[in-house]
Every structure is written in structure tokens, then in C-alpha cells.
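Colleague: Going down the list, the sequences are from chains A and B. So the first sequence is residues 1 to 264, counted in our numbering. So the second sequence is residues 1001 to 1264, counted in our numbering.
Just to be clear, a hint being listed does not mean it is correct.
[Said to hold, decoys possible] Taking lysine-lysine pairs in the DSS-like style, the calculated list, with each CA pair at most 25 Å apart, reads:
#1 B:1227 to B:1077
#2 B:1035 to A:261
#3 A:261 to B:1090
#4 B:1035 to B:1224
#5 B:1198 to B:1077
#6 B:1198 to A:261
#7 B:1143 to B:1156
#8 B:1077 to B:1035
#9 B:1090 to B:1077
[Unchecked claim] Simulated restraints on C-beta separations:
#10 A:211 to B:1012: 48 to 54 Å
#11 B:1012 to A:184: 50 to 56 Å
#12 A:257 to B:1077: 17 to 23 Å
#13 B:1146 to A:138: 38 to 44 Å
#14 B:1076 to A:97: 49 to 55 Å
#15 B:1190 to A:247: 50 to 56 Å
#16 A:258 to B:1179: 54 to 60 Å
[To be verified] Part of the chain A face toward chain B, derived, beta carbon under 8 Å:
#17 18
#18 30
#19 34
Since the hints were derived computationally from the structure, they do not count as laboratory data. We treat Cβ as the ideally placed atom computed from N, Cα and C, and that holds for glycine.
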Amino acid sequence: MTPSQPTSMQPQLRSGFRTLLYKEMLRFWRVAFQTIAAPVMTALLYLVIFAQVLQDRVKVYDTIDYTQFLIPGLMMMSMLQNAFANPSSSLIQSRITGNLVFILVTPISNLEFFGAYVLAAVMRGLAVGAAVWGVSMLFLQLPVAYPLWILVFAVLACSIMGILGLIAGLWSEKFDQLAAFQNFLIMPATFLSGVFYSIHTLPPFWQAVSHWNPIFYTIDGFRYGFFGVADSSPWLSLSVVLFVFITLTLIAMRLLETGYKLRH
Amino acid sequence: MSSFAIEFDRIHKTYTPARQKFWKRFGQAPQTGFKALQDVSLQVEHGEFFGLLGPNGAGKTSLISILAGLARATEGKASVCGYDVFSEFKHARRSLGVVPQELVYDPFFTVRETLRLQSGYYGLRHNDDWIDEILHNLGLTDKASTNMRALSGGMKRRVLVAQALVHRPPVIVLDEPTAGVDVDLRRSLWEFISRLNKQGHTILLTTHYLEEAEALCGRIAMLKQGKVIALDTTEALLARVGGAGLEEAFVQIMHAPAAEALAS
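Next up, chain A with everything else stripped away, as it sits in the complex (with noise of 0.2 Å):
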């Protein structure tokens, strides 16, 4: 083996960014059977059970008809439940394990290290959602109104929910406490939120409860990208979803920089 070369003489530093946005894609990839065929076969499900039940007995706006309506919601579904699950269960089990220690030992920084897990979290959400959407496609096609509408809400939703899921791999000690973010606060926020049905057609509560859950904007913003219509503007759809991205964003980042759970 050759000496060691002081570090001034090593080559020059470069950014591990790149390659821990890799390893965190890398490892849901590897068991794309969990990670992404799993949530296109549960999205499948609600779409032939909830059409087949729901179809010609209700009704959301004048030109949609359910199935259609149904389908950018089951997208956004799976997609806020795999960004979130991607950092989230990566976290976890890296800290149980003990391996995370390999990461906090190199030069990547705080905000690398947001970026790739929060990154990694968008490119799992969107490749269930347009998985979703390809097998959607065999049952009917969907009109594409504002395309771009529909990029910037699926990144926006899929970035709040990595970062979320960021958040609850940092809190969360044991598998316990990742279950109980998860089932009682991301699956109720997703649930609620129009996924499965128009808010207007809720009594006036569950319409003004239904407007202080972000969620509901980014189910609604995407839909809007879809049909032209939507619950809210999309204006204001954009406005609460980068509102609540930027202030999630400094919470984890803080939390990172303060070292929470994970620097002593």
C-alpha cells in the first residue's frame, strides 16, 4: 500500500451528495416489489372497488365522472405514502442498525444530506404515481389540462412528505414510533383529504376542516392540473403547499444542524 498523502495533497473535496441520493435510491430499487409494485397494486384496488361501487352514485363536477375523478387522487395517495416511507423507514432502520454512523462520519453536510434523502423520497413518489397512472390507463385515459400544474404539485407533495418523513426517522426511536406518525397522523391527513370524493359535497364542518389540511391542496392542485377545475384556485393550492414546504424544510434543516438524535 502506498502512504497516505496529507489532505492537502488528496484529491480535491468533493460533494457525497450525489452518491448517499444513489445509495437511498438504490435501496428501495432493490425491492422495487415492495416499493413500488406493492402501492400500484393497493392504488389498483381502491380504483376497481371504489368505481365499481361508487361510480353512478356519485357525483363530484358537471364533466368528470368518478373513475376519472378517483384516479389523480389514488396518484397523489400513493405517492404522499411512498415519499413519506422512502427516508422514513430508511432512517429508522439505519439508526437501529447502527449504520448510519458510516454517513455522519463523512464531509456531508447538513443540507446534502436533506437534499438526497428529501430527492430520493420525490423520485420514489413519482415513480409510484406514474405507475399508477400507467395502469390506470387500461382502464381509461385521462384528460391533461395543465401538465405543468400537475408536475409542481406531485414534486411539492412528494418533497413535504420526504421531508415529513425526515422528521419522523429523526423523532422516532423505535419501529413503534415511526407506526404512530404514520397511522396517526399521515394516514388520516391523506385519507381526509378528497382523495376519494369532492369537499363540496361534505356538510360546511368537514369543508372548513378539510381547508386546514394541506394535503387536501395538493390532491386539489394536482387535480386541477388534470380537469382545468378543483375545490380551491390553484393559486392558493400553490401558496399553503409551498408554505407549509418552506417552513417543514427549516424545521428539519434545524433539526439536523442541531444534531436531534443524532449527533450527541
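Given chain A's structure and the hints, the job is docking chain B onto it.
Modeller: Just chain B now, kept in the frame of chain A:
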């Protein structure tokens, strides 16, 4: 290049309970909690083979964790090759390779993938020539394509050493690397580490096997209850007990009053 490979300057480390940490954010932190390190100052020269000894709970791992950025000192400064571990963490961590005490690994990857990822975290791409050399020197060449899960404990330990070396760090820290390791591996590991030391690497070793420390280390610091109670050359420490062995010196120093241990 800095005059010291490793420097600890008046390091204090207190592990405060989570509730107190919360109040600390509001400037109301009572400084109570477990004092793991108290006023520890040490310098390790470039190219030294330095031993850090002490009973369980003496603060050895806390000190190493501060150096590696896995823990933050409550007071004081630490540096690697002159780079502050906090304000210049990228350079400090680039200069340091840490072999952790726990046998941790990522079950998703093979040995070669693990080492490639570890290189990437340091910003090093196309590092395969060096990885091959490390694998050869650690007797891991025929295990390169084996998943980490399938390796024996001893082999996993070798991979931990390999991971610490992928970025050719000038300073290597080994935290009890031979705990639970068979005689053959222990011997080959020490031959390899000694060779690295002769080539110019600085080695900081913690171990409970005092015969190892006696054979390998040029200088030794002994910690007890978070304080340095002895710091001298191995020769001088042995001379204190008339050449009766490091174990005898260790026992005597650990049982002597603190002031006497340092002064003698």
C-alpha cells in the same frame, strides 16, 4: 500541515437529559447530567501510534465520537490535522478514518458496493484500484461480491476497517477493533495497521487488551471517570512498575489517587 495530527483542548462533555436539552434552547440549562469528559487535553503527533486506555465508561468512546463528529463537546475544541472538527468539519472528517466499536453494516449491499458507496460519501469516484488494494490487504478479495449479511463476524470487522480507509485518511482511529475477534484475525489486523503506521498514518487506538497496547503504542493516555490520569510513553509507564507489564501499570495507576497518577 498542522503540528498535531489530533488535538483535544480542554474538552468537557456532559450528556444532559432530553428535557434539559429542551430548556437549554431557551437559555435555561442547568449543567447537570452525566459528565463523560472533564477538561481533557491531549495532542497526538503525526505518525504516532497512540493508545487510549481506560475502564468501561471512562470516556474513550465519547472522546473519539467528538473527534468524528458523532458527538459535540460541551466545552473545548478538538481538531484533526489542524482542522476544527466543528467549524472545518469537511476537512477534519476527510482527514480521519474511524473504525467503530460496534459491528455495524448495511444489509442491502455487497462488500464492494459498501466500499464504493463509502468512497462516494467522501466525494471519491472511480476508486476501485484503491478498493482492490484494501480488499487484498485485508484478505477480503474473494468476498468482494458477497452480501454483508452473509459474512462472518470477523469478516464484517475487516470490512469496517476497509471502510475507514477508502479515502486514504492520514489519521485512523480504531475503537476496540479486536473485541471478540479470533487470534488469526487479530494478528493479521495488527500487522496491517502497523504497516499503515510505518507508512506515515497516525493511529489512535482504544483497547482493553493491554498486551496489544504495550506492543504497538509509542505513547499512552489513561482515562478514568472522564479525566486523563496518566499520559506518557509506553516505556516510561512500564518503568514505573519496574517493567512488570502494562497491565500492572494500568492497575496501579487506576487505583492511585488522581494527582499522584499524573505526577509520577
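Colleague: Compare the structure with each hint and give your call.
Modeller: Hint check:
Restraint check: the Cα-Cα separation between residue 1227 (chain B) and residue 1077 (chain B) comes to about 16 Å, which is no more than 25 Å; the hinted pair holds. Simply put, residue 1035 (chain B) and residue 261 (chain A) have alpha-carbon atoms about 19 Å apart, close enough for the 25 Å limit, and the pair holds. In summary, the hint linking residue 261 (chain A) to residue 1090 (chain B) is supported, as the alpha carbons are separated by about 21 Å, within the 25 Å threshold. For the hint linking residue 1035 (chain B) to residue 1224 (chain B), the alpha-carbon distance of about 12 Å falls within 25 Å, and the restraint holds.
Restraint check: the Cα-Cα separation between residue 1198 (chain B) and residue 1077 (chain B) comes to about 28 Å, which exceeds 25 Å; the hinted pair is violated. The hinted pair formed by residue 1198 (chain B) and residue 261 (chain A) fails the criterion: a straight-line CA distance of about 38 Å is larger than 25 Å. Between residue 1143 (chain B) and residue 1156 (chain B), the direct Cα distance comes to roughly 10 Å. Compliance with the 25 Å bound is thereby established for this hinted pair. For the proposed pair residue 1077 (chain B) and residue 1035 (chain B), the alpha carbon gap of about 17 Å is at most 25 Å, so the pair holds.
Pair hint residue 1090 (chain B) plus residue 1077 (chain B) holds up; C-alpha atoms about 16 Å apart against a cutoff of 25 Å. Taking 48 to 54 Å as the suggested C-beta distance range, the pair residue 211 (chain A) and residue 1012 (chain B) conforms, at roughly 51 Å. In this structure the supplied range 50 to 56 Å is violated for residue 1012 (chain B) paired with residue 184 (chain A), their Cβ-Cβ distance being about 40 Å. In this structure the supplied range 17 to 23 Å holds for residue 257 (chain A) paired with residue 1077 (chain B), their Cβ-Cβ distance being about 19 Å.
The supplied range of 38 to 44 Å is met by residue 1146 (chain B) and residue 138 (chain A), whose beta-carbon atoms lie about 41 Å from each other. Range check, residue 1076 (chain B) to residue 97 (chain A): Cβ separation about 31 Å, and the 49 to 55 Å hint is violated. The hint said 50 to 56 Å for the Cβ distance between residue 1190 (chain B) and residue 247 (chain A), and at roughly 53 Å that hint holds. Checked against the hint of 54 to 60 Å, the pair residue 258 (chain A) and residue 1179 (chain B) fails, with Cβ atoms roughly 32 Å apart.
Residue-level restraint check for residue 18 (chain A) holds (minimum Cβ-Cβ distance to chain B is 7 Å; threshold 8 Å). The restraint placing residue 30 (chain A) at the interface with chain B holds, with a minimum CB-CB distance near 6 Å, inside the 8 Å limit. The interface hint given for residue 34 (chain A) is broken, as the beta carbon of that residue sits about 13 Å from the closest beta carbon of chain B, more than 8 Å.
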